[in-house]
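Protein chains in written order, with the UniProt record's numbering: chain A, 1 to 335; chain B, 1 to 197.
Simulated from the structure, these hints should not be mistaken for laboratory data.
Cβ-Cβ distance ranges computed for the label pairs, FRET-style: (1) B:E164 with A:R215: 54 to 64 Å; (2) A:E218 with B:V29: 52 to 62 Å; (3) A:R229 with B:P39: 48 to 58 Å; (4) A:R201 with B:G97: 47 to 57 Å; (5) B:P39 with A:E186: 43 to 53 Å; (6) B:E32 with A:M270: 23 to 33 Å; (7) B:K21 with A:E288: 38 to 48 Å; (8) A:E197 with B:R194: 51 to 61 Å.
The calculated lysine-lysine pairs, modelled on DSSO-like cross-linking and capped at a C-alpha distance of 27 Å, are: (9) B:K93 with B:K156; (10) B:K26 with A:K244; (11) B:K3 with A:K303; (12) B:K21 with A:K244; (13) A:K53 with A:K319.
All C-beta atoms, glycine included, are put in the ideal place defined by N, C-alpha and C.
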Amino acid sequence: MGRLRVIEAKGTERLKRGFARMVKGGVIMDVTNAEQARIAEEAGAVSVMALHKVPADIRKAGGVARMAPIEKIQEIMDAVTIPVMAKVRIGHVAEARVLEALGVDMIDESEVLTPANPFFHIDKREFNVPFVCGARNLGEAVRRIWEGSAMIRTKGEAGTGNIVEAVRHVRLVADNIRLIQRMTDEQVYGVAEKFAEPYLRLARQIREISGLSERILENEPVYGHYTYREIVDGLYKILLGIKKLGRLPVVNFAAGGVATPADAALMMQMGMDGVFVGSGIFKSSNPEKMARAIVEAVNHWDKPDVLVEISKEIGEPMKGLEIEELEVRLEDRGV
Amino acid sequence: MLKVGVIGVQGAVSEHIDATKRALEKLGVGGEAFWLRRPEQLNAIDAIILPGGESTTISRLMQKSGLFEPVTKLGEEGLPIMGTCAGLILLAKEVEGAVEGQRFLELLDVRVNRNAYGRQVNSFEAPLKLSFSDEPFPGVFIRAPRIVELLGDKIKPIAWHGDEVVGVEQGNIIGLAFHPELTEDARLHEYFLRRAL
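Take the sequences, apply the hints, and build the full model.
If you want it as C-alpha cells, here you go:
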C-alpha cells in the first residue's frame, strides 16, 4: 500500500459549515451548570449552549450581560460528550478568542448579551471555530454569512417564551428568498448593494463622530480591509447561491421564544433545520420531561397524532411575556 | 430500481440523499433515496445509510421511532448498511466514551473511541487512501470517532489517513469515521451501492 503524505487542513469553511450540518434536526439547549447539561444530553439534545444565566434571567437581572465565566463553561464541557457552544457579545473579538482557546465547539455572537461593538460584528473568517449568528431578515442573514457565520438562527425575542418574533423572522427570510428567485441577476445585484448599506452607514457614522468628511472613496475600506464594492460583490455571490438553492447556504435554526413542543414543531413546519431552546426548558415546571418532549417534537413535527402523545403530561411551560410590554428588545441589537 | 433509505431522525440526512442520487447517476442505475423515519418504510428496501449527527440523539430517537430493532435485524440478515461518523459509532460492537445507557446496533466488529480526535477545533480535512481506487479521497473529519481496533478477521480496512484505518467493511456493512456526504466525490457511495445491485 503506497503511503500518502499526511496533510491536514483545519478551520476550513467546509469544516465549519459541516459541523452545523451535523446538528440538523436537533435541539440545542441553554444550560447554566453541569447538572442541567447532563439533563439536556440525556434528553437527546444535539448540543448545549453554556450560559451564565438563561435569557429570562438576563432580562430580570439587567446590567451588562457578558460571556459566561470560564469555570462554568469548563464545568459544562467536562460534564457532557455532545458539543458545547457558548455566547460572546456582538463584536467582542477578545471574548471570542478566549472561547476559541478554551475549545468550545461553536461560538454564538449573540444579541442576548450586551453588544460590545456599536458598529460591527466580528469578522468570523479569521477564526478556526465556527460561529452562529442571529438574523431577523435576509439582509442580516446574508451579512452574517459573508462575515463567515457557519449557521444562522432567528433572533426571535429571547427569554419571553413568546414565539411571535421567531415566526416573523422565519417568514421575512422565506418571503425575501422567494422574491430573490423571481429577480434577474442584475436586480439581485441591486439587492446586494442595498444589503451592503449598513456597513457604509456605520463607517460614515464613525467618520462623522470623528469630525472627518463623510465621503468614502471607492478604494477605502468600510469594514475590516474590505471596500464597499468588495462587500457588495461578496453579498452578491451569496445571494446568487440563495437564488439557486431556494434557501440559505448554511444551516438555519429557530431561536428566541420556543417554549413548548408545539412551538418547536411550528418552527420545523416553517422549514427550519432545528431549534434552540433557552429559558423554555429550565423555566418550565418539569425540565426533564419538557426537554425530551421538545426533542421528540422536532423529530415528529409533521405527525400531529404523535405530537398529541408528546405534549401530554409535560407540566407547565414557562410563563411567557407580551412583546409590547417589554422594556428591552434584544432582537434590535446588531444589524 | 434501488431503494435507499437514509435514517432521517437527526443529522446530515439531505447531504446523504444528494450524494446517493449522484452515485446512482454515476452507476447508471435507476433508484431513489429518501428520508427513512418510520419502520413501515423498511419494506422492500435495498440499502440503508446512517448519517453523521449526534450518536446519542440518533440512538435515542431510533429507539423511540421503533427503527432500532428492525434496522439491526436487517443488517444481520445481510442488507447493505453504511454508517458515517455518528453512523459508524452506531454500527460498532464496542464504543469507548459512550454515554451511560446509550445503545448501538453492534453490526461491525470494531472498537471505536467516540471523541478521540478532540473537539471541533481539532476537526480536519485530509486526503485519504482507498483500498479500491488510486485517486486520493477528500476526507472530512468533524468531531470524528477513531477506529481503535479491528476485532477479528472478518473486518477489512478500506480507507486510511496516513497509517491509520478510518474506514472499514464487513460483508454488507461499511463504517467510515469521516463524511463523504460533505464532498462532491461520490466514489464511496458508489462502492457501497454496488453491494445492493
